[in-house]
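Number of protein chains: 2
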Amino acid sequence: MQGLMSQYPLTLTHIFNRAERLFADKGVATVQAGGIDRITYGEWAQRTRKLATVLDELGISPDGRVATFAWNTARHLELYFAAPCSGRVLHTLNIRLFPDDIVYIADHAEDEVVFVDRSLLGVFWPLVDRLSTVKHVIVMDDGVPEEVPDDPRVQDYETLLAAASPAEFPVLEDENQAAAMCYTSGTTGHPKGVVYSHRSTVLHSMGALVVDAAAVSEKDRVMPVVPMFHANAWGLCQAAVMAGANLVMPGPKMQPAAIAELMEGEKVTLAAGVPTIWMGVLPELKGRDLSSLRDIVCGGSAVPKSLSEAYREQVGLPILQAWGMTETSPVATTGRIKSQFADASDEELADLRAAQGTPIPLVELRIADPATGEELPWDGEARGELQAIGPWIARAYYNDERSDDSFTEDGWLRTGDVATISPNGYVRLVDRTKDLVKSGGEWISSVELENAIMAHPKIAEAAVIGIPDEKWSERPLACVVPENGEEVTLDELREFLAERVPKWWLPNDLEIIEEVPKTSVGKFSKKTLREQFAERKATA
Amino acid sequence: MQGLMSQYPLTLTHIFNRAERLFADKGVATVQAGGIDRITYGEWAQRTRKLATVLDELGISPDGRVATFAWNTARHLELYFAAPCSGRVLHTLNIRLFPDDIVYIADHAEDEVVFVDRSLLGVFWPLVDRLSTVKHVIVMDDGVPEEVPDDPRVQDYETLLAAASPAEFPVLEDENQAAAMCYTSGTTGHPKGVVYSHRSTVLHSMGALVVDAAAVSEKDRVMPVVPMFHANAWGLCQAAVMAGANLVMPGPKMQPAAIAELMEGEKVTLAAGVPTIWMGVLPELKGRDLSSLRDIVCGGSAVPKSLSEAYREQVGLPILQAWGMTETSPVATTGRIKSQFADASDEELADLRAAQGTPIPLVELRIADPATGEELPWDGEARGELQAIGPWIARAYYNDERSDDSFTEDGWLRTGDVATISPNGYVRLVDRTKDLVKSGGEWISSVELENAIMAHPKIAEAAVIGIPDEKWSERPLACVVPENGEEVTLDELREFLAERVPKWWLPNDLEIIEEVPKTSVGKFSKKTLREQFAERKATA
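Sequence order for the protein chains is A and B.
For the first sequence, the UniProt record's numbering gives the first residue as 1, with consecutive numbering after it.
For the second sequence, the UniProt record's numbering gives the first residue as 1, with consecutive numbering after it.
In short, the hints are calculated from the structure, not lab data.
Among the clues, some could well be false.
Since the list gives no way to pick out one identical chain from another, each pair is judged satisfied if it fits inside one copy or across any two copies.
Unchecked claim - Taking lysine to any residue and the SDA-like style, the derived pairs with C-alpha atoms no more than 25 angstroms apart in a straight line are:
hint, residue 1, residue 2
1, Lys219, Gly316
2, Lys523, Asp63
3, Lys267, Val315
4, Lys219, Gly380
5, Lys305, Glu381
6, Lys527, Gly373
7, Lys219, Ser292
8, Lys219, Asp343
9, Lys471, Glu284
10, Lys50, Trp378
11, Lys438, Val481
12, Lys518, Glu535
13, Lys286, Arg414
14, Lys267, Gln340
15, Lys219, Ile39
16, Lys219, Trp378
17, Lys219, Glu348
18, Lys527, Ile459
19, Lys518, Arg414
20, Lys305, Phe341
With the sequences and hints as input, model every part of the structure.
So, in structure tokens, the structure goes:
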């Protein structure tokens, strides 16, 4: 028997119409070179409709890819809606990727046009002749006096908009139609493309409005510090438009002092960024009035307990950790404290906040043995690969043969993260699957071992990789960066670790290195270390 | 181009699994004859799985209708999930309908089994031999010593559950599969059946978790006073299970004093009921500790400004009005105050709260001229029929030829309500379309005219209906119930109204009546009045 409910499709046009009709007086503040630009959703909606006409007039295909190379701005938000609401596909290019990767993904997605912030022309323009499908480069003038190339492909955003009439968006019948794509920079091989649908984006936005998730409401002033080219700024832009919340966009001014000033000046209620951002911003918040602030959301990599506690002590607000990845739209868990912990001590709460939190509605999680795929219990002890499924979780990569490796036969995403899940549903990441060290049939968490090593007062940074061992299959190699001028020996390290980790985790091998190599987005690149020490064998 | 997101269907099984896994320690408190029964979601989930086995063992068809005739209880919540999660369809029978209507809808839906609270056997059992498709009557013993009939159709709920093993729920591939049905008692003809899908129910539940809607969270203790047989208790039961909120169920104890005691004793945070309930409960709340309470939700019919203000003055919390109907799952609007009114006066706020509020995400509304169907502006002045569309809005009635009258060609629900919508999206109901009086090509709102009449100090109740007029097509007839012992004349009434309504609204016809006839759910029955005065013609 079928339900008799409206076959109303879930599309971004609904979110757009909602803001245009219900929240015309709310809007977006964007930092530009000359100061703060303000626009209401009423004006924004008119401009977004004109932008759709511009896409038509540029001759972009009905489902053509519309690329952006831009900071967080109101104009970027116009593109976020004009592309999908006109049936096209938004493609946010990550400005921080290596040039070869940018060229690869623009070609792979078959981008037809790129919208570039003027301040980013210096990064973007040198690549343009390598992009085989891009016919137009539209420059969005943010007041930074980069030279605009005299080239037939180049046009000015505002000039085009001024000449266009506002479009009526077509009715999109199929909610599974693509709305946007974003490439994720794997640590091996080319980046892989994730394709969001209208349905997934609308549902993810609803998720962000849920109280126990990000709780975005009409009363909020939401500041995504996380870039709009990085996993959709965690969906906060679409969520704010849906809720009618004001948006505060930092534009190109991503320096800690500028962020701190904006938080106070714009009375931001919810701000979201990666740990590095919040580490930098904290000292700049001293003495500021942050009474409007209700949530500092942090994700992208694990949030150190010390950072959250430092915020709690100085700002009066601990960090709210969230977990997800490009493939999960991205929000899958949030670290809200359940009511059962109402009487927990500060220390217990700090420990709980250091976990990645519990799944939000419509997301399902499980952990599985990395070798056998067997599902593991939620006992807070068993470590397994974290797998996810739900309406905003990817089921495949775009035109990519590597999809089979990343999804299980029953359709779950293999996140590559290793986690425990407590009986009450708190996920705690302990490693990446490919970084686990398999020793004698058991798994050593490289992250936990690194954390133990970095607790040593003479050690600044450390990374652990597995190296081949005849008897145990693999053994850990500790790659260590000593504090300035210090020396560290293997014996001293083993002695320090003896009380901190199981005995069979103790490394027999130590390498002193100058620094831990990093990926383009600032994470430890163990791939580089593995290449560097490819010949190394474990000491018996 | 298609999105590459998981084809994960939106089903109630997800909500069920979520509570079972993440919120096993939270649960439901139910008032029964012997006191308060408490059950955790962990226990509830096990019982719900056993109940699915019971449905199998009773031989209920794979998509058979499972009827309930019951108060708000944890057992009723077991049925809310066991039926749809096993692929069947829950059918909540309204215990307050006239017997003929109950018989009609049970037959029309082809109910195979009815689960009856023991305390309701006195109402239900006299009908049983008229029900042509019902093979089983399962009695849920709530401790009220009604006689249980000695009949082969009758079995005891707990006995069946005790003998059953917990079922694994099947994977439901189609989110548009029917999950539940509920009949709406129109004022003309038989009740009409609305069929909810898994998708509509899941999305409506998400809607209830949104901050600017009901904002149900894990920290809540939710008390649906609105019955589970009345438009799904406004979806609060499924929403609470999804959020992991505790539920407080009043069972058969619906008296104001019992409700008030429960609100205090169970530290209820959110309570929901129709205006009549809250009128009765208010005096009982005097002197009680209601510090946990954050929202008193009210709907079903317009909330008088005076009632909301009385709550604000006595309890410190105005009433939160919501609007919807069985066909809208039911929540379509909520009366949250937008941030633009942060500086409004108490009077302005009271006036705003007397409106039905703004549409929640995924619901679209419009108003249309009742005669021409032309869409009308959102200017707070134009009065038109309120129409709705969205993923939890019905598109047809179940096996009913009257569907065509209630839905537009482009798929919108014709609510039959007449409303204005302000530029900022606040809906304000002014009448029912069928109660409008069409005079000289213009519409007179019967409700507004009634309110003006009832403001007269000598008048207790009044209802206005249209009667034929040769010149004006229709004119209003004022049907008036004077206060005890008072007399009211037409001249006196016209004089009183002259300053309160447009001149052409002034009635030329008055009927003094003993009381305004009511429907089975307590609303003014203008249908009865129209029948009573069918021969009446307007005075020139």
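We went through each hint and held it up to the structure:
no. : hint               : in the structure
1   : Lys219 with Gly316 : both (21 angstroms within a copy, 21 angstroms between copies)
2   : Lys523 with Asp63  : neither (34 angstroms within a copy, 52 angstroms between copies)
3   : Lys267 with Val315 : within (14 angstroms within a copy, 31 angstroms between copies)
4   : Lys219 with Gly380 : between (37 angstroms within a copy, 23 angstroms between copies)
5   : Lys305 with Glu381 : within (20 angstroms within a copy, 56 angstroms between copies)
6   : Lys527 with Gly373 : within (24 angstroms within a copy, 65 angstroms between copies)
7   : Lys219 with Ser292 : both (11 angstroms within a copy, 22 angstroms between copies)
8   : Lys219 with Asp343 : between (29 angstroms within a copy, 14 angstroms between copies)
9   : Lys471 with Glu284 : neither (52 angstroms within a copy, 77 angstroms between copies)
10  : Lys50 with Trp378  : between (51 angstroms within a copy, 23 angstroms between copies)
11  : Lys438 with Val481 : within (24 angstroms within a copy, 86 angstroms between copies)
12  : Lys518 with Glu535 : within (21 angstroms within a copy, 88 angstroms between copies)
13  : Lys286 with Arg414 : neither (41 angstroms within a copy, 56 angstroms between copies)
14  : Lys267 with Gln340 : between (32 angstroms within a copy, 15 angstroms between copies)
15  : Lys219 with Ile39  : within (17 angstroms within a copy, 37 angstroms between copies)
16  : Lys219 with Trp378 : between (37 angstroms within a copy, 22 angstroms between copies)
17  : Lys219 with Glu348 : between (31 angstroms within a copy, 19 angstroms between copies)
18  : Lys527 with Ile459 : within (22 angstroms within a copy, 84 angstroms between copies)
19  : Lys518 with Arg414 : within (23 angstroms within a copy, 60 angstroms between copies)
20  : Lys305 with Phe341 : within (17 angstroms within a copy, 40 angstroms between copies)
When held up to the earlier numbered hints, the structure conflicts with 2, 9 and 13 and fits the remainder.
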